[in-house]
Amino acid sequence: QQQVKQSPQSLIVQKGGISIINCAYENTAFDYFPWYQQFPGKGPALLIAIRPDVSEKKEGRFTISFNKSAKQFSLHIMDSQPGDSATYFCAASNFNKFYFGSGTKLNVKP
Amino acid sequence: GAVVSQHPSRVICKSGTSVKIECRSLDFQATTMFWYRQFPKQSLMLMATSNEGSKATYEQGVEKDKFLINHASLTLSTLTVTSAHPEDSSFYICSATLRGLAGGPSHEQFFGPGTRLTVL
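Just so you know, the protein sequences line up as chains A and B, in that order. Per our numbering, the first sequence runs over residues 52 to 161. Per our numbering, the second sequence runs over residues 169 to 288.
Isolated chain A (complex conformation) (with noise of 0.2 Å):
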């Protein structure tokens, strides 16, 4: 059973519009909700990460909102630039073991 699923597959944004992706899980017991990116050939680093007794968190261009009572969360991305585009991966952790979505291919064009 997949514990987060992430949608989309796939998103192509142009430059200077908002790159929105959407995560959700089913565990109640997770407490730590972070971000990855991902380049080709690369290691996943983390971008942003929030915690359930927040609902909303910033840093620079890039958001997340956590909804508990639905147990989704969602990135945000403003402004999106070229050089965002990458592959994202949400995770989900309880006890520091991670459940990783599918992740999100994002294209952003010039």
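Because the hints were derived from the structure by calculation, they are not lab data. Computed from a predicted model, the values in this text were never measured in an experiment. Don't take every hint at face value.
To be verified - Cut-off 25 Å, straight-line C-alpha distance, at most; resulting in silico cross-link-like pairs (DSS-like, lysine-lysine):
{"#": "1", "chain 1": "B", "residue 1": "LYS209", "chain 2": "A", "residue 2": "LYS156"}
{"#": "2", "chain 1": "B", "residue 1": "LYS223", "chain 2": "A", "residue 2": "LYS148"}
{"#": "3", "chain 1": "A", "residue 1": "LYS93", "chain 2": "B", "residue 2": "LYS182"}
{"#": "4", "chain 1": "B", "residue 1": "LYS209", "chain 2": "A", "residue 2": "LYS66"}
Here the structure of chain A is known, so what remains is to put chain B in place on it, guided by the hints.
Okay, now just chain B, sitting in the frame of chain A:
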């Protein structure tokens, strides 16, 4: 800070040989290290969790005799793929967690750059 390195970054070997991949936390002591496998255009699949000085905990379906993990120190974990076969070809990624405020592992995982294994 919190840099994790992997060596080698890329390895090609013949079927039947063994390959060792090193994962090092360069500027911190890692309470726990994780090993993942990633197939092309797919997500990360956790293979095992290793704590310094103790046996690794393998995920269901991962052969412990095939994928040997040694966590000799707080900064080094190794993954040895024994008797590698073409189906073992994959991207192997390690990650490490810092020691948390209470002395246990923190939530944040820092990933290495990955090792591309190709078995001919």
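Quick rundown of the hints versus the structure:
no. : hint                  : result
1   : LYS209/B <-> LYS156/A : 9 Å, holds
2   : LYS223/B <-> LYS148/A : 17 Å, holds
3   : LYS93/A <-> LYS182/B  : 24 Å, holds
4   : LYS209/B <-> LYS66/A  : 24 Å, holds
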